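As they're listed, the protein sequences go chains A and B. Start counting the first sequence at 1; every next residue gets the next number (the numbering used here). Start counting the second sequence at 1; every next residue gets the next number (the numbering used here).
Hints are computed from structural coordinates only; laboratory data are not their basis. Because the structure is a prediction, the values reported are computed rather than measured. It cannot be assumed that every hint is accurate.
Simulated pairs of lysine-lysine, DSS-like, Cα-Cα distance not exceeding 30 Å [to be verified]:
1. LYS113(B) - LYS114(A)
2. LYS114(A) - LYS10(A)
3. LYS23(A) - LYS10(B)
4. LYS113(B) - LYS10(B)
Per label pair, the in silico range of CB-to-CB distance [stated by the list, open to error]:
5. THR89(B) - GLU13(A): 28 to 34 Å
6. LYS114(A) - PHE28(B): 41 to 47 Å
7. ALA123(A) - THR89(B): 27 to 33 Å
8. ARG21(A) - GLU6(B): 31 to 37 Å
9. ARG124(B) - GLY99(A): 41 to 47 Å
10. GLU13(A) - ALA111(B): 21 to 27 Å
11. THR5(A) - ARG15(B): 29 to 35 Å
12. THR5(A) - GLU85(B): 27 to 33 Å
13. SER3(B) - GLU101(A): 20 to 26 Å
What the simulated footprint calls covered on chain B by chain A, stretch by stretch (three residues with Cβ under 8 Å from a Cβ of chain A suffice, anywhere in the stretch; the number is not a length) [stated by the list, open to error]:
14. 25–37
15. 42–54
16. 82–95
17. 99–112
Ideal Cβ positions, reconstructed from N, Cα and C, are used throughout, including at glycine.
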Amino acid sequence: MTVNTHTIGKRYEPLVYAVGREKIVEYALATGETNPLHLDLAAARAAGHADVVAPPMFAVVYQGRSVTQAMFDPELGIDFARLVHGEQAFRWHRLVVAGDELSTTLTVSDISEKMEIQFYAFATESVNQRGETVCTGTWTNIVRPPQ
Amino acid sequence: MRSGDEIELKVTPDRYVTVRYAGASGDFNPIHIDEEFARQVGLPGRILHGLWTMAQVARAHTEAFGGPESLASLSVQFRGMGVMEQEITVRGTVTELEPEQAVVSSEATQAGKRIIRNGRAEIRLPRSD
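Pulled out of the complex, with its shape left as it was, chain A reads as follows (with noise of 0.2 Å):
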């Protein structure tokens, strides 16, 4: 099978996050952070925030619809049953905060085909509610050759 490349710079619609607190609190209780900024209203307002602080990662919460969208896409035709996530970056440019509403961007920046290996990779870019970027990511997806 050959992959199709046709859709390389495929740009998706933006999808809106609202950040929730108690979302926050959830992602940080599941993920074993102990830091009051992500757990405690109080604590995080005594450090300047407006409200809890999300861990770094917490990029995957708003930025994972994204992601699904583009994996699930016909036109790229991923086999989701074969699929590996193989490489993932993140670069974080703000701290994010319950309240904020993060509008996410995925572009298909690449796919390539290795011995049979097929090779997705998305670029996603969160900007908050004043037009500031808050986190860059890039998703590397692998779909293994059929046995």
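Given chain A, work out where chain B should sit, using these hints.
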């Protein structure tokens, strides 16, 4: 801080961590939460989310370098698979040090296997003036 300084974080994921992480992250892939399904697709059982393990790598840095603001970037490669109820060790080494930024190389291992490799993070350092 000096080049060559090391950071370390040890964590043992409990039996139900993938269920809580699925809810928290929105990633409900059944290989992480359904034992029977995981076995049917050839896995030894439910496995950890790679991004949960990456969150442990991130936490090793934010705990060592002064909180969430210190982490400017992190990239990793996922290899193998992590499982529940076995200790994971994240180890990082400061490989470059500049006045306002450090670079840390890291990996995560479990039972002698590298489950995350080629971790590279940029750390924002407080100005010393």
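Results for each hint:
1. Among the hinted pairs, LYS113(B) with LYS114(A) is consistent with the structure: their alpha-carbon atoms are about 26 Å apart, no more than 30 Å.
2. Our distance criterion of 30 Å between C-alpha atoms is met by LYS114(A) and LYS10(A), whose separation comes to about 21 Å.
3. Distance restraint check for LYS23(A) and LYS10(B): the Cα-Cα separation of roughly 25 Å lies within the 30 Å cut-off, and the hinted pair is therefore satisfied.
4. Between LYS113(B) and LYS10(B) the CA atoms are separated by roughly 14 Å; this keeps the pair inside 30 Å, and the hint holds.
5. Range check, THR89(B) to GLU13(A): about 42 Å between beta-carbon atoms, so the 28 to 34 Å window is missed.
6. A hinted range of 41 to 47 Å for the beta carbons of LYS114(A) and PHE28(B) is inconsistent with their spacing of about 30 Å.
7. Hint check: ALA123(A) to THR89(B), Cβ distance near 31 Å, so the stated range 27 to 33 Å holds.
8. Checked against the given bound of 31 to 37 Å, the beta carbons of ARG21(A) and GLU6(B), roughly 35 Å apart, stay inside it.
9. A hinted range of 41 to 47 Å for the beta carbons of ARG124(B) and GLY99(A) is inconsistent with their spacing of about 24 Å.
10. Checked against the hint of 21 to 27 Å, the pair GLU13(A) and ALA111(B) fails, with Cβ atoms roughly 44 Å apart.
11. A hinted range of 29 to 35 Å for the beta carbons of THR5(A) and ARG15(B) is inconsistent with their spacing of about 43 Å.
12. At about 42 Å, the beta-carbon gap between THR5(A) and GLU85(B) misses the expected band of 27 to 33 Å.
13. SER3(B) and GLU101(A) have their C-beta atoms about 41 Å apart, which leaves the hinted 20 to 26 Å range violated.
14. Beta-carbon proximity to chain A at under 8 Å applies to 3 residues in the region 25–37 of chain B; the threshold of 3 is reached and the given coverage holds.
15. Here the region 42–54 of chain B counts 4 residues with a CB under 8 Å from a CB of chain A, which clears the bar of 3, and the coverage holds.
16. For the region 82–95 of chain B, the stated coverage by chain A is violated: 0 residues have a C-beta nearer than 8 Å to a C-beta of that chain, whereas at least 3 were required.
17. Against chain A, the region 99–112 of chain B contributes 0 residues with a C-beta closer than 8 Å to a partner C-beta. That does not satisfy the three-residue criterion, and the hint is violated.
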